[in-house]
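Protein chains: 2
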Amino acid sequence: MSGQLWIVGLGPGARNLMPAQTAKAIGAADVVIGYSGYFDGIADLVAGKACIALPLGEETERAAVAIGHAREGRRVCVISSGDAGIYGMASLVLETLARRPGDVMPEVSIVPGISAVNACAALLGAPLGHDFAVISLSDLLTPWERIERRLHAAAEADFVLAILNPQSRRRDWQLPRAREILLGHRSPETPVGYVRNAYRPEQAVWLGTLQTMAEQPADMFTTVIVGNTQTREFRGRMVTPRGYPSSETRS
Amino acid sequence: MSGQLWIVGLGPGARNLMPAQTAKAIGAADVVIGYSGYFDGIADLVAGKACIALPLGEETERAAVAIGHAREGRRVCVISSGDAGIYGMASLVLETLARRPGDVMPEVSIVPGISAVNACAALLGAPLGHDFAVISLSDLLTPWERIERRLHAAAEADFVLAILNPQSRRRDWQLPRAREILLGHRSPETPVGYVRNAYRPEQAVWLGTLQTMAEQPADMFTTVIVGNTQTREFRGRMVTPRGYPSSETRS
Numbered sequence: 001m002s003g004q005l006w007i008v009g010l011g012p013g014a015r016n017l018m019p020a021q022t023a024k025a026i027g028a029a030d031v032v033i034g035y036s037g038y039f040d041g042i043a044d045l046v047a048g049k050a051c052i053a054l055p056l057g058e059e060t061e062r063a064a065v066a067i068g069h070a071r072e073g074r075r076v077c078v079i080s081s082g083d084a085g086i087y088g089m090a091s092l093v094l095e096t097l098a099r100r101p102g103d104v105m106p107e108v109s110i111v112p113g114i115s116a117v118n119a120c121a122a123l124l125g126a127p128l129g130h131d132f133a134v135i136s137l138s139d140l141l142t143p144w145e146r147i148e149r150r151l152h153a154a155a156e157a158d159f160v161l162a163i164l165n166p167q168s169r170r171r172d173w174q175l176p177r178a179r180e181i182l183l184g185h186r187s188p189e190t191p192v193g194y195v196r197n198a199y200r201p202e203q204a205v206w207l208g209t210l211q212t213m214a215e216q217p218a219d220m221f222t223t224v225i226v227g228n229t230q231t232r233e234f235r236g237r238m239v240t241p242r243g244y245p246s247s248e249t250r251s
Numbered sequence: 001m002s003g004q005l006w007i008v009g010l011g012p013g014a015r016n017l018m019p020a021q022t023a024k025a026i027g028a029a030d031v032v033i034g035y036s037g038y039f040d041g042i043a044d045l046v047a048g049k050a051c052i053a054l055p056l057g058e059e060t061e062r063a064a065v066a067i068g069h070a071r072e073g074r075r076v077c078v079i080s081s082g083d084a085g086i087y088g089m090a091s092l093v094l095e096t097l098a099r100r101p102g103d104v105m106p107e108v109s110i111v112p113g114i115s116a117v118n119a120c121a122a123l124l125g126a127p128l129g130h131d132f133a134v135i136s137l138s139d140l141l142t143p144w145e146r147i148e149r150r151l152h153a154a155a156e157a158d159f160v161l162a163i164l165n166p167q168s169r170r171r172d173w174q175l176p177r178a179r180e181i182l183l184g185h186r187s188p189e190t191p192v193g194y195v196r197n198a199y200r201p202e203q204a205v206w207l208g209t210l211q212t213m214a215e216q217p218a219d220m221f222t223t224v225i226v227g228n229t230q231t232r233e234f235r236g237r238m239v240t241p242r243g244y245p246s247s248e249t250r251s
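Line by line, the protein sequences give chains H and Y. For the first sequence, the residue numbers in this note's numbering are 1 to 251. For the second sequence, the residue numbers in this note's numbering are 1 to 251.
Chain H on its own, in the form it takes in the complex:
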């Protein structure tokens, strides 16, 4: 007998930004699995359920445990922050299932959520009004050369950039290096926004430029958005227009 496996993202943190479908999936589960820090905000939803809290870094274990329970016929919900599909648990669970294709397949449902990218953009204004690229600076599972190639490509092709995992205690040179690469393609006056802990009590929003970001601290809870050549600041908001000046278009 095969069980049911939901993979959901809790959104940026504020409960009123989590859609009803997510709460419903958590409510329907027998077993809820996620990083220990995620359970506080949803205590009412998980009351009476088996909650399996695993520390950061044990994502692979979370996926394996969730699949194990689902294969035993249970109704399991794996929780991520943000959107489970964007650097979240969704790909890890599906990857883990794909590694043993002969095994019983539980029914898998993924519920979309509001990612850190959507949330931070809303707090900064409208920086994602045009084409954008999302890049994680974590080189734990991706060779740094590949990340650098992406930074060059996105900067050269005038994408707005959303940078996740910009810095951690052990990774301190990647963001300065990314800034250096971007400065090779864009003006030092290009607007840059930092959002830390979006929609949480400790939320902090900073708006500056490629020049001034050098002084601004970042960590694993920070998302950095770098404007394209059209992005402007207006009264503390970052705005990327939805097009290019008409002289440039085909008209």
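Simulated from the structure, these hints should not be mistaken for laboratory data. One or more hints might be untrue.
Covered by chain Y, according to a simulated footprint, are these stretches of chain H (three or more residues, beta-carbon under 8 Å) [as the list claims (entries may be wrong)]: (1) 17 to 23; (2) 78 to 92; (3) 118 to 124; (4) 132 to 140; (5) 152 to 160; (6) 233 to 245.
Backbone N, C-alpha and C fix where the C-beta goes; we use that ideal spot for every residue, glycine too.
With chain H fixed as given, assemble chain Y onto it according to the hints.
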């Protein structure tokens, strides 16, 4: 006296994917402004309010009308589909305000939402498990040369691609041209997903490859997601692993 201006996205369509904060902003407004097609799904929320429905193509007018009402002291909510910050009304409203910086500035709040990108990814599996680029193929306000440069850059740097506005009645050659560019950098076997009308009654999900997508119809309601070199299909799901094979990493 200056009013209040909310800019919200309704999400992909299903009401249970719209967070409570969005419903609250609509509920608090005196005037709700948006494309006529958006009002049916939120009839209960807008009952008794002044609803201003403007046709597709009149986005600039919607922004101007919303600002006008807010400047007269009203509480105004502008509605987009998906996330208002991603090719939505947020940048257009802020751009319009910035064009007359001396005027009274209403208080502006942007509520994040679940974009078409998040929604389509969830229906396809987990294609956005790694770095990705979001590109609109509409060359109405962006020169095609710039769009092409972005397609080349994103393909060459191994981004997953989310393609919005792939095709319309008047624009029929852009998606085939994008496919041609992508085939210059990626295998014909690269997984490609199409989602039309995500989370609406007419929802359609198709999973194929760069090779087979040539036969698949698309329109303005379709989002196309093209995998990177690591993306695989597994039992009808598109999965992009969260990293590269360990032989390639620094470790």
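Legend entry - Hint check, failures only: none
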